[in-house]
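Asker: Whole structure, please, built from the sequences with the hints as guidance.
In terms of the numbering used here, the sequence shown is residues 277 to 402.
Careful, some of the hints might be misleading.
Here are the simulated lysine-lysine pairs, PhoX-like style, with alpha carbons at most 20 Å apart [said to hold, decoys possible]:
#1 LYS347 / LYS311
#2 LYS387 / LYS363
#3 LYS337 / LYS347
#4 LYS387 / LYS337
#5 LYS347 / LYS375
Label pairs and their in silico Cβ distance ranges [claimed, not checked]:
#6 GLN376 / ASP329: 31 to 41 Å
#7 PRO313 / SER384: 32 to 42 Å
#8 PRO313 / PRO336: 12 to 22 Å
#9 PRO310 / HIS341: 11 to 21 Å
#10 GLN340 / LEU319: 17 to 27 Å
#11 PRO310 / PRO372: 34 to 44 Å
#12 LYS387 / LYS311: 33 to 43 Å
#13 LYS387 / VAL314: 33 to 43 Å
#14 LYS311 / ASN358: 33 to 43 Å
#15 ASN358 / PRO313: 35 to 45 Å
#16 PRO313 / TYR359: 30 to 40 Å
#17 MET371 / LEU334: 21 to 31 Å
#18 ILE353 / LYS383: 14 to 24 Å
In short, the hints are calculated from the structure, not lab data. Every residue gets a Cβ at the ideal spot worked out from N, C-alpha and C, and that includes glycine.
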Amino acid sequence: MRIYYFILIALGVIFSHAHGTTSTYHTSVVFGSPKAPVTITELVAPTCHVCSDFSQTLVPKITQHYVRKGKVRLIIIPLTYNYVDLKASQLILGMPNPKQMYANVFKSQDKWLLKKIHSLHLNQYL
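Answerer: Structure below.
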């Protein structure tokens with residue numbers, strides 16, 4: 277499982293440097309300074325259990341050890357593979373504090389996803 281995390285991080289670093297990514301997407305959650313020497317771009321689907329695991333275990337560690345020290349900028353872009361992903365992404369990006377909502381979506385994923393809650397009422401579970 278850890279090899280997948282490493283691959284995701286490595287790809288983010290490689291593509292960020294290869295494409296000279298310096299601007300922020302309008303549909304993203306950004307942690308860290310634009311002046312950080314390394315930018316990691318994470319593509320996540322709110323209904324993906326692997327994305328949830330990554331967001332709950334590695335993102336806090338990356339934030340603590342690298343983002344807060346100014347070494348890394350983390351850009352999170354929600355992907356929408358289905359209607360539930362779309363609604364969750366709208367919740368994340370439409371809130372005044374998208375960083376907190378991003379964490380809440382994945383922290384409470386088992387409540388709203390496994391119970392197959394109708395996506396229109398997703399926000400009452402977050």
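Asker: Taking the earlier hints as the rules, which of them does this structure contradict?
Answerer: Hint check: 4, 6, 11 fail, others pass.
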